[in-house]
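A.B. asks: One line per chain: the protein sequences are R and B, in this order.
Counting in the numbering used here, the first sequence runs from 150 upward without gaps.
Counting in the numbering used here, the second sequence runs from 3 upward without gaps.
Hints are not guaranteed to be accurate.
[What the hints assert, rightly or not] In silico DSS-like pairs for lysine-lysine, Cα to Cα no more than 25 Å straight-line:
#1 R/K272 with B/K321
#2 B/K23 with R/K346
#3 B/K23 with R/K330
[To be verified] Quick list of the computed label-pair ranges, beta carbon to beta carbon:
#4 B/K321 with R/E408: 54 to 64 Å
#5 B/N76 with R/T172: 49 to 59 Å
#6 B/L96 with R/A332: 45 to 55 Å
#7 B/P20 with R/L263: 21 to 31 Å
#8 B/Y49 with R/L423: 51 to 61 Å
#9 R/M329 with B/G176: 52 to 62 Å
#10 B/L122 with R/K164: 40 to 50 Å
#11 R/A241 with B/A152: 36 to 46 Å
#12 B/Y26 with R/A332: 15 to 25 Å
Just so you know, the hints here were simulated from the structure itself, not pulled from any lab data.
Here the structure is a predicted model, which is why all the values come from computation and not from measurement.
Beta carbons: idealized from backbone N, C-alpha and C, even for Gly.
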Amino acid sequence: MAAAPVSSLPNLKRKLTESRALTNYLLTIGAWVVAIIASVPLLSVLYMLIVKGGSRFSLDLFTELPPAGFEMGGGFGNAIVGTLVMVALASAISIPTGILAATFLAELGPNSKLATTARFLAKVLTGFPSILAGVFVYAAIVLAMGGYSALAGAIALSVLMLPTIILTAEEAMKMVPRKMKDAAIGMGCTRTQVIWKVVLPTGMPGILTGVMLAVSRVAGESAPLLFTALFSNYWLSSLSEPTASLSILIYNFSSMPFENQIELAWSASLVLVLIVLLFNVLSRLIGRPKI
Amino acid sequence: MPQNPFAHVDLSRSISRPPTKDVYLADRSYRAFAVAGIYVLLALVVYILWQIGGAAMPAVHDYHLGFLTSSAWNVQTGQFGILPQIWGTLYSSLFALMIGGFFGVTVAIFLTQNFLPPRLAVVFRTIIEMLAAIPSVVFGLWGIFVVIPAIRPVANWLHDVLGWIPFFSTSLSGPGMLPAALVLAIMILPTIAAISQDALHLVPYRTKEAAYGMGATRWEAILKVLVPAASGGIFSALVLGFGRALGETMALAMLIGNSNQITLSLFSPANTLASLLASNFPEAGAIEVQALMYAALVLLAITLIVNVLGIGILTMTTKRSAVK
Chain R
150 MAAAPVSSLP NLKRKLTESR ALTNYLLTIG AWVVAIIASV PLLSVLYMLI
200 VKGGSRFSLD LFTELPPAGF EMGGGFGNAI VGTLVMVALA SAISIPTGIL
250 AATFLAELGP NSKLATTARF LAKVLTGFPS ILAGVFVYAA IVLAMGGYSA
300 LAGAIALSVL MLPTIILTAE EAMKMVPRKM KDAAIGMGCT RTQVIWKVVL
350 PTGMPGILTG VMLAVSRVAG ESAPLLFTAL FSNYWLSSLS EPTASLSILI
400 YNFSSMPFEN QIELAWSASL VLVLIVLLFN VLSRLIGRPK I
Chain B
3 MPQNPFAHVD LSRSISRPPT KDVYLADRSY RAFAVAGIYV LLALVVYILW
53 QIGGAAMPAV HDYHLGFLTS SAWNVQTGQF GILPQIWGTL YSSLFALMIG
103 GFFGVTVAIF LTQNFLPPRL AVVFRTIIEM LAAIPSVVFG LWGIFVVIPA
153 IRPVANWLHD VLGWIPFFST SLSGPGMLPA ALVLAIMILP TIAAISQDAL
203 HLVPYRTKEA AYGMGATRWE AILKVLVPAA SGGIFSALVL GFGRALGETM
253 ALAMLIGNSN QITLSLFSPA NTLASLLASN FPEAGAIEVQ ALMYAALVLL
303 AITLIVNVLG IGILTMTTKR SAVK
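With these hints in hand, go ahead and build the complete structure from the sequences.
C.D. replies: Take a look at the structure:
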């Protein structure tokens, strides 16, 4: 076996004295620097959350009410409850609606004019400023019901969840293999039976991923809650009363001149980020392809 | 003698029976519900436009278009105008787009062009995606206590040395345009990076191979072949990032200083439409609420136009490359 005549090949390696090769080299270094700088903010935020937010971490945070003015101690139990209740209510509104709409987009009339319009509007709504959801609910519900409430806050959040759920659930259902649906139709199933027995169960991981993403997005929202749920210093007692949320607590406390409140704002941020990341990680775990 | 060979089969238990009345009814009603779900979405969009437009109408009648060109915001005298807010919104968003766009597109190239071993690329991609998961209000808090103290000495040095340039004409005392725009840039970076990555993935692998075959260096292939080929998608990523920056609220309300002035200076406080709404709405009286609704309508119009534009370009470019 004759060895390949290596020496007869031209040297393909470029020398750095060549200006093209030098540019290439410098741009690569530049890209590394840019990429590293881009990851600094996240690392810095996480560091601050753990150092500043973690230092106050105790059970009190979860069981006590926010302190007033010069008071020491305190917690934000009511804000955690408020956030969770409003996100749960918003999910209860937007998950069924979103999945129903998504089955139409994916299965019943994917190429109809109605579907194309709806898909486009859903995409436009994903870029809809969240504060305008608050303004809308203020005009539509707060003025009509005559006051700020947890319900209004939840509706504002559900407006923000709906398009995400519709679009991701549609994608998930489209991933269900054509042959599985054909087989079910061949067995004499109606469209609805195909959807309920084949498409929804098979697409469920993908649908849940979208739901978790939507939940994690709205759990951290504050702008739409500013004038729909407002804030409250007391425990949640009714859905038609102003309600505390973690994000509004952070916003309010961040501008206070008291050290105690600012420490609490950091701890609340830590809790909020943990809640958001929990749902984010869940969405990845559920959506990860099996096998 | 022809005997039915299936005589013993109970046809009513066979799988090939027509749907019963119940099944048929369930099918029809489920379809009706699904269509209703679609109409909820359509109605929601119309209702949003109707409600915000309706609530803004009295103010539109009172102030007409002068509202857009006046810079007064005086509750006592009932004079309202949002020129400084429109200016601040566009200025902060464009500035953030310049920084976030540069970083976002570079990161997208970095992640798609095999600069990193696959394992490390996943870690890095997760870091960038996690930026999108940090709530706006947490970025605001971080901006107040980390970004502002960090950039204050640099900003004030720039003001001392280069104060004659309009961008550096004031010193940075606390909240201001620069910290707000920096945080805004960080917040739109994941959006831009994600959509640009999709666009770069859509470029056929052979296009890149052909460039290498012509003897192009890696960056020549990227800058002269790949990026132009993906330019439609990258452009729409920038437009959608811009749209997101226009509507971003909490971080700006906490960092921009809420001051009604029009200035080129990066270090002086300013205001945006969204942060005007956030900071004035909760304590506004009836007349101010109407003016704020007008401001919301303007913000809605601007963001709708930008988003529709971005989505339109994205749909067009992905369709075209799908045909290829």
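A.B. asks: Indicate, hint by hint, whether the structure satisfies it.
C.D. replies: We went through each hint and held it up to the structure:
Only pairs whose Cα atoms come within 25 Å are accepted, and R/K272 paired with B/K321 is accepted, the gap being roughly 16 Å. Between B/K23 and R/K346 the CA atoms are separated by roughly 19 Å; this keeps the pair inside 25 Å, and the hint holds. For the proposed pair B/K23 and R/K330, the alpha carbon gap of about 22 Å is at most 25 Å, so the pair holds. B/K321 and R/E408 have their C-beta atoms about 56 Å apart, which keeps the hinted 54 to 64 Å range intact.
Between B/N76 and R/T172 the beta carbons are some 56 Å apart, a value that agrees with the proposed interval 49 to 59 Å. Checking the proposed 45 to 55 Å range against B/L96 and R/A332 shows it holds: the Cβ atoms sit about 54 Å from each other. Taking the beta carbon of each, B/P20 and R/L263 are about 29 Å apart, inside 21 to 31 Å as hinted. With their beta carbons about 35 Å apart, B/Y49 and R/L423 fall outside the hinted range of 51 to 61 Å.
Separated by about 60 Å at the C-beta atoms, R/M329 and B/G176 satisfy the suggested range of 52 to 62 Å. Separation of B/L122 from R/K164 is about 28 Å and departs from the stated range, judged on CB atoms against 40 to 50 Å. A beta carbon spacing of about 43 Å between R/A241 and B/A152 agrees with the range 36 to 46 Å that was offered as a hint. Hint check: B/Y26 to R/A332, Cβ distance near 21 Å, so the stated range 15 to 25 Å holds.
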